[in-house]
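As you go down the protein sequences, you meet chains A and B in turn.
1 is the number of the first residue of the first sequence in the numbering used here; add one for each residue after it.
1 is the number of the first residue of the second sequence in the numbering used here; add one for each residue after it.
Some hints could be false.
One copy or two, either will do: identical chains are not told apart, so a pair holds if it fits within one copy or between any two.
Listed below are the simulated DSSO-like cross-link pairs for lysine-lysine, each with C-alpha atoms no more than 27 Å apart in a straight line [claimed, not checked]:
{"id": "1", "residue 1": "K271", "residue 2": "K57"}
{"id": "2", "residue 1": "K7", "residue 2": "K282"}
{"id": "3", "residue 1": "K218", "residue 2": "K282"}
{"id": "4", "residue 1": "K193", "residue 2": "K218"}
{"id": "5", "residue 1": "K285", "residue 2": "K7"}
{"id": "6", "residue 1": "K245", "residue 2": "K57"}
{"id": "7", "residue 1": "K285", "residue 2": "K57"}
{"id": "8", "residue 1": "K271", "residue 2": "K28"}
{"id": "9", "residue 1": "K271", "residue 2": "K245"}
{"id": "10", "residue 1": "K57", "residue 2": "K90"}
{"id": "11", "residue 1": "K193", "residue 2": "K271"}
{"id": "12", "residue 1": "K256", "residue 2": "K193"}
{"id": "13", "residue 1": "K29", "residue 2": "K285"}
{"id": "14", "residue 1": "K271", "residue 2": "K90"}
Quick caveat, the hints were computed from the structure, so don't treat them as lab data.
The residues making up each chain are set out below.
Number of protein chains: 2
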Amino acid sequence: MIIGVPKEIRPGEERVALTPANIAALLKKHDVQILVETGAGVAAGFTDGQYEAAGAKLADRDQIFSSAQVILQVQTPGSNTTNGQDDLDKMKSGQFLIGMTDPLANPGFAQQLAQSNVTGIALELVPRITRAQAMDVLSSMAMIAGYKCVLLAATTANRMFPMNMTAAGTLNASRVFVMGAGVAGLQACATAKRLGAVVEAYDVRPAAREQILSVGAKPVELDLDTGEAEGSGGYAKAQGEDFLKRQRELMTDVIKDMDVVITTAAVPGAKSPILVTADMVKAMKQGSVIVDLAAERGGNCELTQSGKTVVEHGVTIIGPENVPSSVPHHASQMFGKNMENLLNLLLNDQGELALDFEDQIVADTVISHNGDVPHTRLRELLGLP
Amino acid sequence: MIIGVPKEIRPGEERVALTPANIAALLKKHDVQILVETGAGVAAGFTDGQYEAAGAKLADRDQIFSSAQVILQVQTPGSNTTNGQDDLDKMKSGQFLIGMTDPLANPGFAQQLAQSNVTGIALELVPRITRAQAMDVLSSMAMIAGYKCVLLAATTANRMFPMNMTAAGTLNASRVFVMGAGVAGLQACATAKRLGAVVEAYDVRPAAREQILSVGAKPVELDLDTGEAEGSGGYAKAQGEDFLKRQRELMTDVIKDMDVVITTAAVPGAKSPILVTADMVKAMKQGSVIVDLAAERGGNCELTQSGKTVVEHGVTIIGPENVPSSVPHHASQMFGKNMENLLNLLLNDQGELALDFEDQIVADTVISHNGDVPHTRLRELLGLP
Numbered sequence: 001m002i003i004g005v006p007k008e009i010r011p012g013e014e015r016v017a018l019t020p021a022n023i024a025a026l027l028k029k030h031d032v033q034i035l036v037e038t039g040a041g042v043a044a045g046f047t048d049g050q051y052e053a054a055g056a057k058l059a060d061r062d063q064i065f066s067s068a069q070v071i072l073q074v075q076t077p078g079s080n081t082t083n084g085q086d087d088l089d090k091m092k093s094g095q096f097l098i099g100m101t102d103p104l105a106n107p108g109f110a111q112q113l114a115q116s117n118v119t120g121i122a123l124e125l126v127p128r129i130t131r132a133q134a135m136d137v138l139s140s141m142a143m144i145a146g147y148k149c150v151l152l153a154a155t156t157a158n159r160m161f162p163m164n165m166t167a168a169g170t171l172n173a174s175r176v177f178v179m180g181a182g183v184a185g186l187q188a189c190a191t192a193k194r195l196g197a198v199v200e201a202y203d204v205r206p207a208a209r210e211q212i213l214s215v216g217a218k219p220v221e222l223d224l225d226t227g228e229a230e231g232s233g234g235y236a237k238a239q240g241e242d243f244l245k246r247q248r249e250l251m252t253d254v255i256k257d258m259d260v261v262i263t264t265a266a267v268p269g270a271k272s273p274i275l276v277t278a279d280m281v282k283a284m285k286q287g288s289v290i291v292d293l294a295a296e297r298g299g300n301c302e303l304t305q306s307g308k309t310v311v312e313h314g315v316t317i318i319g320p321e322n323v324p325s326s327v328p329h330h331a332s333q334m335f336g337k338n339m340e341n342l343l344n345l346l347l348n349d350q351g352e353l354a355l356d357f358e359d360q361i362v363a364d365t366v367i368s369h370n371g372d373v374p375h376t377r378l379r380e381l382l383g384l385p
Numbered sequence: 001m002i003i004g005v006p007k008e009i010r011p012g013e014e015r016v017a018l019t020p021a022n023i024a025a026l027l028k029k030h031d032v033q034i035l036v037e038t039g040a041g042v043a044a045g046f047t048d049g050q051y052e053a054a055g056a057k058l059a060d061r062d063q064i065f066s067s068a069q070v071i072l073q074v075q076t077p078g079s080n081t082t083n084g085q086d087d088l089d090k091m092k093s094g095q096f097l098i099g100m101t102d103p104l105a106n107p108g109f110a111q112q113l114a115q116s117n118v119t120g121i122a123l124e125l126v127p128r129i130t131r132a133q134a135m136d137v138l139s140s141m142a143m144i145a146g147y148k149c150v151l152l153a154a155t156t157a158n159r160m161f162p163m164n165m166t167a168a169g170t171l172n173a174s175r176v177f178v179m180g181a182g183v184a185g186l187q188a189c190a191t192a193k194r195l196g197a198v199v200e201a202y203d204v205r206p207a208a209r210e211q212i213l214s215v216g217a218k219p220v221e222l223d224l225d226t227g228e229a230e231g232s233g234g235y236a237k238a239q240g241e242d243f244l245k246r247q248r249e250l251m252t253d254v255i256k257d258m259d260v261v262i263t264t265a266a267v268p269g270a271k272s273p274i275l276v277t278a279d280m281v282k283a284m285k286q287g288s289v290i291v292d293l294a295a296e297r298g299g300n301c302e303l304t305q306s307g308k309t310v311v312e313h314g315v316t317i318i319g320p321e322n323v324p325s326s327v328p329h330h331a332s333q334m335f336g337k338n339m340e341n342l343l344n345l346l347l348n349d350q351g352e353l354a355l356d357f358e359d360q361i362v363a364d365t366v367i368s369h370n371g372d373v374p375h376t377r378l379r380e381l382l383g384l385p
């Protein structure tokens, strides 16, 4: 069987779906061929020579789409709504497409694939079970994003993060506040702590308290009823408007003393909740910084503009898009390892992709197959019986 | 006496010469008035209200230049050759001007001040003696620059700095190499170390070895004769071309394995030595990063363009200008404290500036006085008897 890795085409996307190391590992285990588009890894720091040395064959884009039975992408046309359609037109009946498809926000993509009789596997739907951890791209990319957003904040801040006692007096450490203590939030806490900041964090899930302490940050507690804040799969559950209003009131007092606020509260497939209102921004100090990791889903801050850095009431608000792609080498390494692990599960002894729908990982991630959409949740979203 | 703090006008300059805290401290000790230009501290995160609360009077620029006997600037027209001339035209006979003047690169400024009978005090010339440490702006600003350049590198790098062991495999720590272990270089080592990188450093001065170890980095040793590398005042001495050539050969081998190279080898008043040649850049890994803190003096890397970020042979080379100004709050806090300490030395009981040329700090820093240039080194540079 032939597996194809085209170059990513979404504007700004610098990752690649497999690294040379992943390819060497796959070729050792499975009787497959792997085609990589010329230059596919360059933006992530992997040269064509390294791919060839690992056993891949270099090919052009059309060759890959016409000859590979499985196409691997970081951003499939499902998540790349900018210029992904070109690739969708190249797909053929019977092919497999594995990558990120933004399934809950763009369920219609599953239908498009089904119409072309392409089997689509959405990496975002990998279940949060122990066996699937090594394939969980949301976690691995959130880790990168949590690290990088702290650097964006520190680079923009008008002060240093660590405390310094010098001949020219004492400089206070910056106060960093992280909202949302999922993978990204905890990594943000750890990174800000490394840099010497005084770090506090908040999450509606009571279980987050221990996790926040474990990365050296101080949990902020608000007087709120948080009994049912954790939804299935360990993600934060969407909350009612009354709850969010009270949360905002108490939060204003916390936020006004901070130098940096990092928000990471994204609910999969849904618009992000507003945690930082315009009034809270107004109450903040001149020169403080907000990094809104939920910018792409509408943002956790009312004044965030996705993909832009704006200054409002003297506060710089950064709304970065596709943060993992800005650390493309390590992000590709993790993404590629996730992909390699998934392929190890799916490839049978003959080197063919064999889907066992009794396996939760398969059942949860396959969004189109045999000209239909087998996925229960997507069928609901699409209004299919 | 009236002391005036105008807003900085050099493009991109966000610092301010005194903070509200410095002003409160000075007014408590001395019988002086302090005028601050409206909005002077805003870019550094200090509001007009904070200045007024500290006892300063707000004024417009012309008022300050016409009524203050002492003008305090971060960048005087000596270092601000872009649009500083405007201010020079506003200065009056008998006034004092204290700030950075770029004295060794722009000695002619001392003559300009002398012609206007303005007494100029250049903060860059504060001697490196224990008693003057608290006034040493080169050290305090180098500390800021050393911190910030690591953030620039980390934000640009295609990989994370710390090692990470995750469900998606192990990510190696980045390797950071710091060239020049003065204040900036040592702070760069410490900051990269904080972020989790593997840090190595090099300096021609044998004494630097202990200092490099003290901030958690590994000293790189080259097989070179370095007996006379330390000049007066603890700064690196300019080296001969043979020495530098051999240094470059040995260095190529070191550099090719690095993910990040930070160069900080500036010789006061002279063009910076080339430590990283185009050939060395060519030998580096795809996607690695160089930050050249000596960019403004020509750069330590042959391919650096001052004020720009360029990509050459797959390596991103950042040549930042005026780095301390990009952390304006803390930089102003340190600069202001240096300035406050100097004023405490210079102000007498009547709240007047009294220059005691027997004091080394005065003798070393006054570049113009009584219509003449009293400074020995500047007289030499200017060819004056």
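Now for the hints, and whether the structure bears them out:
1. K271 / K57: neither (42 Å within a copy, 49 Å between copies)
2. K7 / K282: Answer is between; shortest inter-copy Cα gap is 25 Å, intra-copy 44 Å.
3. K218 / K282: Classified as within: same-chain Cα gap 24 Å, cross-chain 46 Å, threshold 27 Å.
4. K193 / K218: For K193 and K218, the Cα distance is within 27 Å both inside one copy (11 Å) and across copies (23 Å).
5. K285 / K7: For K285 and K7, only the inter-copy Cα distance (20 Å) is at most 27 Å; the intra-copy one is 44 Å.
6. K245 / K57: For K245 and K57, neither the intra-copy (56 Å) nor the inter-copy (42 Å) Cα distance is at most 27 Å.
7. K285 / K57: between (55 Å within a copy, 22 Å between copies)
8. K271 / K28: neither (43 Å within a copy, 54 Å between copies)
9. K271 / K245: For K271 and K245, only the intra-copy Cα distance (17 Å) is at most 27 Å; the inter-copy one is 59 Å.
10. K57 / K90: within (20 Å within a copy, 70 Å between copies)
11. K193 / K271: neither (29 Å within a copy, 38 Å between copies)
12. K256 / K193: within (20 Å within a copy, 31 Å between copies)
13. K29 / K285: For K29 and K285, the Cα distance exceeds 27 Å both inside one copy (57 Å) and across copies (29 Å).
14. K271 / K90: Neither: 32 Å inside a copy, 56 Å across copies.
In this structure, the hints that do not hold are numbers 1, 6, 8, 11, 13, 14, in rising order.
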